[in-house]
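Trainee: So the protein sequences, as listed, match chains A and B.
Our numbering puts the first residue of the first sequence at 1, with every later residue one more than the last.
Our numbering puts the first residue of the second sequence at 1, with every later residue one more than the last.
The hints are simulated quantities; they were obtained by calculation from the structure and are not laboratory data.
Keep in mind the model is a prediction, meaning the values are calculated, not measured.
Each residue gets a CB set at the ideal place from its N, CA and C atoms; glycine is no exception.
Treat the hints with care, since some could be wrong.
[Claimed, not checked] Calculated pairs, DSS-like style, for lysine-lysine (alpha carbon to alpha carbon, straight line, at most 25 Å):
hint, chain 1, residue 1, chain 2, residue 2
1, B, Lys485, A, Lys100
2, B, Lys244, B, Lys174
3, A, Lys139, B, Lys485
4, B, Lys440, A, Lys50
5, A, Lys151, B, Lys440
6, B, Lys156, B, Lys182
7, A, Lys100, A, Lys122
[As the list claims (entries may be wrong)] A short list of chain A residues far from chain B (calculated; beta carbon distances all over 10 Å):
hint, residue
8, Asp19
9, Ala102
10, Gly148
Here's the letter readout for the chains.
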Amino acid sequence: MLEVKNLNVAIGDKQILNDLNLAVAPGEVAAIMGPNGSGKSTLAYVIAGKEEYEVLSGEVLLNGENVLDLTPDERAAKGLFLAFQYPVEIPGVATMTFLKTALNAQRRQRGEEELPIPEFMKRVKQAAERLDIKPDMLKRALNVGFSGGEKKRMDILQMALLEPSFAILDETDSGLDIDAVRIVAEGVNALRSPTRGFLIITHYPRLLEHIVPDTVHVMAGGRIVRSGGKELAAELEKSGYREYAGESEELV
Amino acid sequence: MAAVQETIDRVKAIDVDQYKYGFFSDIEADKAPKGLNEDIVRFISAKKNEPAWLTEWRLEAFRRWLTMREPTWARVSYPPIDYQELYYYSAPKTAAGPKSLDEVDPELLKVYEKLGIPLNERAILAGVQVADGEAAARGIAVDAIFDSVSVVTTFKAELAKAGVIFAPISEAVKTHPELVRKYLGSVVPPTDNFFATLNSAVFSDGSFVYVPPGVRCPMELSTYFRINERNTGQFERTLIIADKGSYVSYLEGCTAPKRDENQLHAAVVELIALDDAEIKYSTVQNWYPGDAEGKGGVFNFVTKRGDCRGRNSKISWTQVETGSAITWKYPSCILRGDNSRGEFYSIAISNGHQQVDSGTKMIHLGKNTTSRVISKGIAAGASQNTYRGQISGHRKATGARNFTNCDSLLIGNDCGAHTVPYIESRNPSTQFEHEATTSKISEDQLFYCRQRGLSAEEATALIVNGFVRDVLQQLPMEFAVEAQKLIAVSLEGSVG
Numbered sequence: 001m002l003e004v005k006n007l008n009v010a011i012g013d014k015q016i017l018n019d020l021n022l023a024v025a026p027g028e029v030a031a032i033m034g035p036n037g038s039g040k041s042t043l044a045y046v047i048a049g050k051e052e053y054e055v056l057s058g059e060v061l062l063n064g065e066n067v068l069d070l071t072p073d074e075r076a077a078k079g080l081f082l083a084f085q086y087p088v089e090i091p092g093v094a095t096m097t098f099l100k101t102a103l104n105a106q107r108r109q110r111g112e113e114e115l116p117i118p119e120f121m122k123r124v125k126q127a128a129e130r131l132d133i134k135p136d137m138l139k140r141a142l143n144v145g146f147s148g149g150e151k152k153r154m155d156i157l158q159m160a161l162l163e164p165s166f167a168i169l170d171e172t173d174s175g176l177d178i179d180a181v182r183i184v185a186e187g188v189n190a191l192r193s194p195t196r197g198f199l200i201i202t203h204y205p206r207l208l209e210h211i212v213p214d215t216v217h218v219m220a221g222g223r224i225v226r227s228g229g230k231e232l233a234a235e236l237e238k239s240g241y242r243e244y245a246g247e248s249e250e251l252v
Numbered sequence: 001m002a003a004v005q006e007t008i009d010r011v012k013a014i015d016v017d018q019y020k021y022g023f024f025s026d027i028e029a030d031k032a033p034k035g036l037n038e039d040i041v042r043f044i045s046a047k048k049n050e051p052a053w054l055t056e057w058r059l060e061a062f063r064r065w066l067t068m069r070e071p072t073w074a075r076v077s078y079p080p081i082d083y084q085e086l087y088y089y090s091a092p093k094t095a096a097g098p099k100s101l102d103e104v105d106p107e108l109l110k111v112y113e114k115l116g117i118p119l120n121e122r123a124i125l126a127g128v129q130v131a132d133g134e135a136a137a138r139g140i141a142v143d144a145i146f147d148s149v150s151v152v153t154t155f156k157a158e159l160a161k162a163g164v165i166f167a168p169i170s171e172a173v174k175t176h177p178e179l180v181r182k183y184l185g186s187v188v189p190p191t192d193n194f195f196a197t198l199n200s201a202v203f204s205d206g207s208f209v210y211v212p213p214g215v216r217c218p219m220e221l222s223t224y225f226r227i228n229e230r231n232t233g234q235f236e237r238t239l240i241i242a243d244k245g246s247y248v249s250y251l252e253g254c255t256a257p258k259r260d261e262n263q264l265h266a267a268v269v270e271l272i273a274l275d276d277a278e279i280k281y282s283t284v285q286n287w288y289p290g291d292a293e294g295k296g297g298v299f300n301f302v303t304k305r306g307d308c309r310g311r312n313s314k315i316s317w318t319q320v321e322t323g324s325a326i327t328w329k330y331p332s333c334i335l336r337g338d339n340s341r342g343e344f345y346s347i348a349i350s351n352g353h354q355q356v357d358s359g360t361k362m363i364h365l366g367k368n369t370t371s372r373v374i375s376k377g378i379a380a381g382a383s384q385n386t387y388r389g390q391i392s393g394h395r396k397a398t399g400a401r402n403f404t405n406c407d408s409l410l411i412g413n414d415c416g417a418h419t420v421p422y423i424e425s426r427n428p429s430t431q432f433e434h435e436a437t438t439s440k441i442s443e444d445q446l447f448y449c450r451q452r453g454l455s456a457e458e459a460t461a462l463i464v465n466g467f468v469r470d471v472l473q474q475l476p477m478e479f480a481v482e483a484q485k486l487i488a489v490s491l492e493g494s495v496g
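Build out the structure end to end from the sequences listed, making use of the hints.
Mentor: Given below as structure tokens:
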């Protein structure tokens, strides 16, 4: 479903991703863990299409199609979703308005009809209830004055509404308390399906106790250095990233 | 950054000539000889069959103007205007005579139709829905002004029933001379400033509104100004009086054809609100802004002032300024009556090579007066956008309160946003608050929106709409929709 092949990425003079290879199958939940500076968020941004990063070589295939030539909104319409580490605020734009605009923009790109309002409202209501998001939060400007946990839950709400075929969660648990982590995890687990892939980026194993992954990859120095099953997460909790730290020094 | 460079390239390639009102209508015009002197002033007055007192009023203003010097303190620059190279009077030849729709030149009506202005009363009435419990039909009365002359005014009969006078000022001078004479020049005297003085000498036409005591004007009043003839100045004069306890909402819309030369628009608007009265004045301005090189375009040098003369009176100005090569105006309120209130809501957009120096003055004189200023400036392209505001409290203005929120948004790297606030008070019980922000649409915001599926332009439009929301909400509903579209069009090509 998602294949990253020999990806080399730099920002300015600094090379961040080194010949990175990764594959996630449909229905698979893959976790990427690693120390700070290993390039985890860079990978997420490059897949989503942030323009600051220069792709030196390599491919990113979503369902067999190389998305590196597409704009971020085109990639979104193809079913890609990124839940941000720091969701931004958009003053003056009601959350409900934003949700409707985004959903219909994607549908239009795919040649689908816009969703009729009653149907849209119903879906939003259902998804919001599951994530413990109160109706008046939807009337407020997007993310303005929201706590960290509320912003993250809002991102998961968007994911539920936009129904992506591949979702990347970038440090979704950072800044969340125990209850918020559980709610977010429940929201994500509810969206697991055989036709959807997930890439969960985190450096704390805690989230992975709630969203149990099928595969765990360790990233250091801009590449995947080890892969394993969910037990790898428990192992990392005990041993830390020390043995992989040497990898980052190989970077010139 | 790649995105920003694309933005800059796009702006350079922008065809500002997408101004869709740029068409010119080939309608025969009746013109004064070029240039300005006492004879021209008399010519204008004679063409309008004005009473002697008004002709003299004009002449005094003209003589005063000759002694004045053009002000240069604003943050705008333009080539010197040769005042002798302009025509000070132009009227469509067929417009002389009574003004019922059937008698108006169909060519003229076509112009207004092209601009999307509803002049056909029957059409409006047919499409009207009467709200539950509300007797009045929701039509909009329109006074259409083509170059120097009012072409037609709709709904006069309905308004007359309520006692509301809505007529071109040239007509009001004859039908209600005592009213005009009492109030004309009482808010903006002919000596006020260079352009107001010029206007007092050569003003063409404009709307006159009088709302009698206790009357809530049954419909929105609106005037559309259209400059058509080349090399003419447009000097309209509007006078609105809301008598005790009355209410009126008035909307002004403006367009002009594309021309290589600049066109001067020096208008004067005076508003007077007596005890417990309220005037709401909205403007959607889309004069031709000049081409992509900054050539041509309208010079919009306007003096607008409201006098809250009565106790508990209220005047609010709402403006959406998207056009003109240069916009230079400060709709202001004199808060004379105790407990009176002034409001100013503004969206000023500049793109290409436009220049804006605009803002407001709130002069607190009476007791317990309040004012509110919300200004949103958006600068794109290579434009310069300045907010200039004056909030002042007189020595005797106890309990004066003001809240000012002035925000600027920059798109791209070549434009400039500037804020020049003057805040002064001579009374210790005053509370004046000022908040200002300057921001660029952040790459992070744009990327977030795009990752959710919006194109770069959709994302910019969304963010800009959020930015100006507080002001858009102040416009009468129909015009809020039109303004939103206009904002999107004005920013076309400004983002990659």
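Trainee: A separate judgement is required for each hint: does it hold in the structure or not?
Mentor: Hints, one by one, checked against the model:
no.	hint	verdict
1	B:Lys485 to A:Lys100	holds, 19 Å
2	B:Lys244 to B:Lys174	holds, 24 Å
3	A:Lys139 to B:Lys485	holds, 23 Å
4	B:Lys440 to A:Lys50	holds, 18 Å
5	A:Lys151 to B:Lys440	holds, 22 Å
6	B:Lys156 to B:Lys182	holds, 23 Å
7	A:Lys100 to A:Lys122	holds, 12 Å
8	Asp19	holds, 24 Å
9	Ala102	violated, 4 Å
10	Gly148	holds, 16 Å
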